[in-house]
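Please arrange chain E on chain B, whose structure you already have, making use of the hints.
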Amino acid sequence: MIEIRDVYKSFGSGLRPLQGVSLDVPTGTNVVVLGKSGSGKSVLLKSIVGLLIPEHGSITVAGEEVVGADHKTLQSIRRKVGYVFQSGALYDSLTVGENLAFPLEKTRGITGSEARERVMHYLEQVGLPEKVNKMPSELSGGQRKRIGVARTIITEPEYLLYDEPTTGLDPQTTKEIAELIVHLKQDLKITAVTVTHDPYCLHIVADTVAYLEDGKILFNGTKDEAHRSDVEFLRIFFSLQEHRV
Amino acid sequence: MNHLKSVILQFGSYTQFIGRFFRTILTPPHEFRQIMRHVDDFGAMSLPLIAVVNFIMGLILAMQSRPTMEKFGAAAFIPAMVTISIVRELGPVITALLVAGRVASGIGAELGSMKVTEQIDAMECSGVDPYNYLVTTRVIALALLMPIITLYAEFVGIFGSYVAEFLATGVTLRYYYGQVIESLTFVDVVPGLLKTIAFGFAIAIIGAHKGFNTDSGTEGVGRATTSAVVLSSLWIILIDMILVKVSITYFPNP
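Going line by line, the protein sequences match chains B and E.
Our numbering puts the first residue of the first sequence at 1, with every later residue one more than the last.
Our numbering puts the first residue of the second sequence at 1001, with every later residue one more than the last.
Bound conformation, chain B alone:
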C-alpha cells in the first residue's frame, strides 16, 4: 500500500504544486490521478519514488517512509517501485536488450544467459521481442513506451507509477498500452498509480480516480462516483470520454 499524508512541495520559482496532498493507494488497485496540465501530478509521482523531496508530509511505500529517507532506505523503496516515464526514457546509447539488462545487472547482479532469458521474456510480454538489437532511435513512440514498461517491470516491482503512458499515441497503440497496464495488474498483481489525460486509458485501467487541483486532492472515489461528480474538470473529462469511448 502507498500512503500519502499532507504532502507539500514547492520550487524556488514560486511554484507550489502540492499543498497538503493526501491519498491512499490500496494494494492491488490502480489509482488514476487526473488534473490540469501543471497541476502537480508528475511532481506527486516523483515524490513517491524519492526523485523529489517534499518539504512536509509523509509518503510510505509498503510501510517504508520516503520523506527524509536515507540513501539505503530509498534504494530499498526503489527496488519495490517501478516508474514508467512519459517518453520511455530509454538510454540512447544502449540497445533495447541492453536497456532491459541494465537494471538487472546493476541492481540485481543478474548477467549472462539468465539476463538474456529474462530480457526476451519481458520483451515478449510487451510484444516486441524482435526489437532486442535495435537502438531506441529506431523505435516509434509507442514502441519506446512499451520497451520503457518492459525495462521497468523486468526487476519485478510490486508498485508501478505510470506518467502519462498513452499521451501522444495513436488510438491503436493507446489501446495496446492500456491493455498492457491491465494485464500487468492482473497477472503480476502490481499496485499502480497512473497519471493520464486520456479518457480511454482511464476507462480501461482505473479502479479509483483521484483529482488534483490547487495542490490538493479535490476528489477521490470510484469511476462511477467520478462520473457523477459535480467537479467541473471531471464533468468535462467524462463527457469527452462518452464521445470517444
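I should point out that these hints are in silico values taken from the structure, not numbers from a laboratory.
Warning: the hint list may mix true and false statements.
[What the hints assert, rightly or not] Quick partial rundown of chain E residues pointing at chain B, CB under 7 Å, derived from the structure:
hint, residue
1, Glu1118
2, Asp1121
3, Ala1122
4, Ser1183
5, Thr1185
[Stated by the list, open to error] Chain B residues, not near chain E, derived (Cβ > 10 Å throughout):
hint, residue
6, His56
7, Asp230
8, Phe238
[Said to hold, decoys possible] Derived Cβ-Cβ restraints for the label pairs, each shown as a range:
hint, chain 1, residue 1, chain 2, residue 2, range
9, E, Ser1013, B, Tyr8, 22 to 28 Å
10, B, Thr73, E, Leu1144, 32 to 38 Å
11, B, Thr222, E, Ser1216, 36 to 42 Å
12, B, Gln19, E, Gln1016, 53 to 59 Å
13, E, Phe1022, B, Gly63, 55 to 61 Å
14, B, Asn133, E, Val1230, 38 to 44 Å
Glycine included, each C-beta is placed from N, C-alpha and C at the ideal position.
Just chain E now, kept in the frame of chain B:
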C-alpha cells in the same frame, strides 16, 4: 546583487558536485568497464585533432624561432628551446584546450540530453546511482587519459618542429632527437604532465556539472554545451597559472 548571488550559488553547487565525486570514488560499485569505455571514447574523439594541431604548432614554433635565433647566433639551441616550450607549457595547455572543446562539449551535451529526456531520473529510479555511473567514470577516465594524450601531443609537436628544421637545414632525425633528449630534465616533463591530471578533472567535472544541471529542454542542452567549453577553457588557464607558480616553487630549474 543578483549576479553576486548567482556566482555564490554556482560556487556552492560546484563544491557539492565535486564533494560528491570524492565520496563516490571511495564507495563501490566501481564501474571499471565504463571507465575504460570512456577512455576509449575520449581518446578516439580527441587524438586526430590533437595530432594535427600539435604538429602544426611545433612546425610554426620552429619556423618562427629560426630567424631570431640565427640573428643571435643561437640556431643550435632551436631543438632545446622548442622542446622546452612544448613540454613545459604549450603541449599541456593547447592539448587541454582542444580536449575542452571536444570532450567538455560532448559530456555537457550527452548528460544534458539525458537530463531533459528523463534518462537520469530513470537511472536513479532503477536504483543505480547516476552520479557514480555517469559522472565519476567520466572524470576518472579523463584525468587518467590526459597525461597520456599530452605525452603523445608533445611527441607529435616536437616531430613538427623537426620537420621545419629538416626543411631549413636538412638536420637528421637522430641528431635532432638527440638534442631534444639532452635538453630535457625531470623538472621539465613531470610537472607538465601532472598538471594535465588537474586539467582533465576540471574539464570533465565542468562538462558533467553543466549537463547534470540542464533545464529548459533542447535550448538548455545548447546552453550547457557552450558554457561547458567556455568555463572549462577559462579554468584550464587559471589552473595552469596556479600550478606553474607551484611547480616553480617546488621544482626550481636546475
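Distance restraint evaluation - B/Thr73, E/Leu1144, Cβ atoms, bounds 32 to 38 Å: Holds - the Cβ-Cβ distance for B/Thr73 and E/Leu1144, about 34 Å, lies within 32 to 38 Å.
Distance restraint hint 36 to 42 Å, applied to the beta-carbon atoms of B/Thr222 and E/Ser1216: holds, 40 Å
Could you check if E/Ala1122 really has its C-beta closer than 7 Å to a C-beta on chain B? holds, 4 Å
Just checking, B/His56 versus chain E, shortest CB gap more than 10 Å? About 23 Å separates B/His56 from the closest Cβ of chain E, which puts it past 10 Å; holds.
Using 7 Å as the Cβ threshold, decide whether E/Asp1121 counts as touching chain B. holds, 6 Å
When you take the CB atoms of E/Ser1013 and B/Tyr8, is the distance between them in 22 to 28 Å? holds, 24 Å
Does E/Ser1183 pass the interface check with chain B, least Cβ-Cβ distance below 7 Å? Interface hint status for E/Ser1183: violated (45 Å vs cutoff 7 Å).
Does E/Glu1118 hold up as a contact with chain B if the rule is Cβ-Cβ below 7 Å? For E/Glu1118, the interface hint holds, since the closest Cβ of chain B sits about 4 Å away, which is under 7 Å.
Using the beta carbons of E/Phe1022 and B/Gly63, state whether their distance is inside 55 to 61 Å or not. violated, 35 Å
Just tell me: holds or violated, for the beta carbon distance of B/Asn133 and E/Val1230 against 38 to 44 Å? Hint holds: Cβ distance 39 Å, inside 38 to 44 Å.
Does the closest beta carbon of chain B sit nearer than 7 Å to the beta carbon of E/Thr1185? violated, 44 Å
Evaluate the condition: distance from the CB of B/Asp230 to the nearest CB of chain E exceeds 10 Å. Correct as stated: the minimum Cβ-Cβ distance to chain E is 36 Å, above 10 Å.
Figure legend: structure checked against the earlier numbered hints; hints not met, in rising order: 4, 5, 12, 13.
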